Amino acid sequence: MAPSFEQLDPETEYEDDEEIDFSDLREQFETNMEEGLDTFIVIDGLPKVPAANKEKLVKFLLRSLTKVGKTKEENVYMPMGDDGVSEGFAFVEYETPAQAAAAVKALHATPLDKKHTMAVNKLTDIERYGREGRIDENYNPPEIPAFEEKEHLRWWLGDAEGRDQFVMYRGDNVGVYWNERDGQPEPIVDRQHWTESFVQWSPKGTYLTSMHNQGVQLWGGQNWSRQKRFMHPGVNLVDFSPDERFLTTWSHKPMEISEGNPVLSLEEDGKNYIIWDIATAKPLRSFVTLDAPGPTLDPEGNPVKKKIQWPAFKWSADAKYVARMNYKQGISVYELPSMRLMDKASVKIEGIEDFEWCPSNPQREGKRDYEQLFCYWTPEMGSNPAKVGLMSIPSKEIVRTRNLFNVSDAKLHWQSESAFVCVKVDRHSKSKKSHATNLEIFRVKEKGVPVEVVDDIKETVVNFAWEPKGDRFVLITAGEAVAGAAVGPKTSVAFFCPEKAKGNAVGNFKHIRTVDKKNNNAIHWSPNGRFVVVATVLNQQSFDLDFYDFDFEGEKEEKDKDLTANLQLMATADHYGLTDIEWDPSGRFVATSASVWKHRMENGYHLYSFSGQLLREEPIEQFKQWAWRPRPERLLSKEEMKNVRKNLREYSRQFEEADLAKRSSADKAVIEARRRQLDEWLAWRERVQADLAEERHDLGLPDLSDEQRALVVDDDGDESKVVEEIFEEILEESEEVIE
Amino acid sequence: MRPILLQGHERALTQVKFSKEGDLIFSVSKDHIICAWYSANGERFGAYKAHQGALWTVDVDPTTTLLASGGADNTIRLWEVKTGKLLKTWEYGTAIKRVEFSEDGRQLLGVTEKRAGQLSTIIVYDINQDPEGQQPNEHSLRIVVDDIPKVTVAGFSYLTKYIISGHEDGSVTQYDAKTGEELKHTYPHEEGSLVTDLQWSSDRTYFITASKDKTAKLIDATTLDVLKTYVTDTPLNSAAITPEPTNYVILGGGQAAMDVTTTSARQGKFEARFYHKIFEEEVGRVRGHFGPLNYVAVDPTGKCYCSGGEDGYVRVHHFDPPYFDFKFEVEREQERR
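Just so you know, the sequences run in chain order A and B.
Residue 498 in the numbering used here sits at position 498 of the first sequence, and the numbers go up by one each step.
Count along the second sequence from 1, add 739, and you get the number used in the numbering used here.
Keep in mind the hints are simulated off the structure, nothing from the lab.
Errors might be hidden in some of the hints.
[To be verified] Simulated crosslink set (DSBU-like; lysine-lysine; CA at most 30 Å straight-line):
{"no.": "1", "chain 1": "B", "residue 1": "Lys967", "chain 2": "B", "residue 2": "Lys827"}
{"no.": "2", "chain 1": "B", "residue 1": "Lys967", "chain 2": "A", "residue 2": "Lys662"}
{"no.": "3", "chain 1": "A", "residue 1": "Lys668", "chain 2": "B", "residue 2": "Lys1066"}
{"no.": "4", "chain 1": "A", "residue 1": "Lys445", "chain 2": "A", "residue 2": "Lys638"}
{"no.": "5", "chain 1": "A", "residue 1": "Lys668", "chain 2": "B", "residue 2": "Lys967"}
{"no.": "6", "chain 1": "B", "residue 1": "Lys1066", "chain 2": "A", "residue 2": "Lys662"}
Computed from a predicted structure; not experimentally measured.
Next comes chain A alone, as it looks inside the complex (with noise of 0.2 Å):
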């Protein structure tokens, strides 16, 4: 059962809970091993051959079954009948129970041919399930539990006004709240060591996940009660499939999975990765951690710590796939929910180097079937030139390639709606003295995919970022850096747009505006695009932001008439020891932090609005983390859409009221209560200086005590004090040398 805060005993109760509580699943899946028995499986549904036939049909089954593991024709039984037919099954012996295991998981329910299905299970499964006695000889239905009502897991999108929750942890505490623009946050849940290391909503905003040494825990619904639970020892990170069907889980140590676990098998012994199925709880395939090459230690010899690329597995926008680079050697697509190989085959790319997946279906002109598309890039090998490439899944059809020279670097980013993908290209000089920048952007929509190059960036882009549906993004470059400088260079923001075009079609990129001499290192798109905050995190000299609007509504300058946008400066911020940004996935406020984990220097965080407008400072100690619920996709059509946009006024009148309302309520009680305290206040004083000047009366003494007539100034004397000021003011200086 999982706890409800209100069930909780905030001592005793949830220490236990800390402590995953498989006990449930360890009696269901109890194994007790027969020893020596567990490398031999058997399998069942085999055709029926007579003996002259039998040895064809093992080497058959032999080609499957050693593609999983290592076994040979002599541990192979096949058990023939009186009549000289084989019986339809067989035994086999697999060198470890590891082998065994991963036999009967990628072997079982795979058909032979049209009429026969294997069906492979372990000998002690048969042994422990099948033995006389255990199976009843009258077929009983199983008993299906009556239909429970689950917790509504998006509850929270019916909150009348709208309000986005955000999860903030700090110190022991993890907390979610509904924000609010006015005033304090609005507390819903907070539970100590609800985590043991950071917080994580899936990607549509239904689960909050919190990380064990155990696993990884999903949690949600109104109760905030625990959904599923996902066993994997040393967890360190968690990713989601998009669609919240699929979650990857990784250990930076390998796993060490005993024989017996209730929710693992052998199978994931020594795995990093895990990928499951969030509805069913249950592991769908696990992998080891592919280490990328390269020198394992640096010129002195020490160890050198290599980056994990995260996520290692890419999922394709509907989760179809999930693919994982071989550094160098070509990629890996998995299908789901299968977890099989595509065509049982990597895709071969020498010498890659990054790919990226298409973030939504990409729809290309031209193209009716379904496919899915990822961007990928390979250095310069020898004399053949660098390559940036699309391809087509399933079809693994290369859409489009493009060769480039000189390339030191190069990063890929895509267009939220699959529009364009850009490529951001580092290139050195012939003699790689001097460094500069392309851009090279694919319309991937437009017939043939053509590419666009931006070529005048002299300096090395440190950043790029697409505005979210839109077809507008900045940059920021950085100049050379000084060596042994203690500041970096500063750095420069660039702005782009498309030039009008007639139609629909999208012009040609051009630059806006460059802003020299910042520090700016971040770039943060409003979730809706438009606006953008361009920040410098994670540094000690500065910390500024600043908030752009894209649209602006003023005056447009004459030279940016045929830009498809009007650039404005909104406001300047600043936010002492910035380390993270977050915007709300309404893109109506922006939340900026200072954790704990980065620095120790007035932890805490701010709240913008999207303009820029400071609405709340709140310093917290051991401040670590906050985290916006993300929402799920609009179910508005487009009509409904361009409709409440057209009718945007009488909305805006609607909420005008409410929060005027809302406001003048909390005004209210906020003046009740200041009132209600002037007069206990008025009312205290009164009575104790009633009391005092009874008790001096009593005592016989002055009402005043000695030290308040200090300050009564007597009214008869009419002696005016005088307070003599000297003031001394140099009129002339002169200096005389004497000799």
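Dock chain B against the given chain A, drawing on the hints supplied.
Frame of chain A, contents of chain B only:
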């Protein structure tokens, strides 16, 4: 108005006090010297020199005739304000952390520090108010604080009825000022957070305590009930109550120098904070010091306040008209009634 900067001390200020008429400011610092200043213009009136160690505390009697001081040289000294003459020296085994006159000036209390086998005590003397007269050698009352953690601050209540003390562990005790009997013991502050200051309202019926737990509390002297709580984001060293008719409290503090990782002034929160006494809301801040504020004091006439900082300066701020005019809507409403 421009603040007046009193630059006379060479080391950190420890306490600043106004005379009861508000015309003089007495300041003590770790540099062994007591200074007296005119509050109106910041001109120095005089200095009192004889202490052999850092000074922790100073107080002046209601008629501004006598001045008492105490410090790390383990003495309480009594001075004539006008002439600077040293009238009396009492010696102890440990440093004196606090001295205070009763509201009638007839009694003086001192707090001795607990150190090296010496218990923390509160000692009371009956003072001869004539500067020419003889001062007693022996205390009239001595409270040994044994079962409660050491005393950090103490003072006399209205009518010299109680002695109230603040302790190292965040607690506050009420003693009978005649017999020294412990009457009440409460924990208004977070347990374990040192009470750093205790200052009175003008009629001494209630007081404010400041603590390292980042809060200041307004407490009833008779019942020790907490009346108001002022929450800040920095450890507090001092808190003062402005005299009526204004209803403010002034809080001072800041990250201790040893806890500050950078030297930037914004880091340390070295500001005097004004809170509304009744509504517990912050109404303003005054910047200027570049070290923690060790003490804030309000002119008993309510015209100005001063603060003494770890940076060695005393800043005297005279209030501008808006300070006196500012009222919450409900206060105006109350006045109209």
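Now the hints, each set against the structure:
For the proposed pair Lys967 (chain B) and Lys827 (chain B), the alpha carbon gap of about 40 Å is over 30 Å, so the pair is violated. Pair hint Lys967 (chain B) plus Lys662 (chain A) holds up; C-alpha atoms about 28 Å apart against a cutoff of 30 Å. A threshold of 30 Å between alpha carbons decides the hint, and for Lys668 (chain A) with Lys1066 (chain B) the separation of about 17 Å falls inside it, so the pair holds. For the suggested pair Lys445 (chain A) and Lys638 (chain A), the alpha carbons sit about 19 Å apart, so the restraint of at most 30 Å is met.
With a CA separation close to 22 Å, the supplied pair Lys668 (chain A) and Lys967 (chain B) stays within the 30 Å bound. For a cut-off of 30 Å, the pair hint linking Lys1066 (chain B) to Lys662 (chain A) stands: about 25 Å separates their Cα positions.
Checked against the numbered hints given earlier, the structure breaks only hint 1 and satisfies all the rest.
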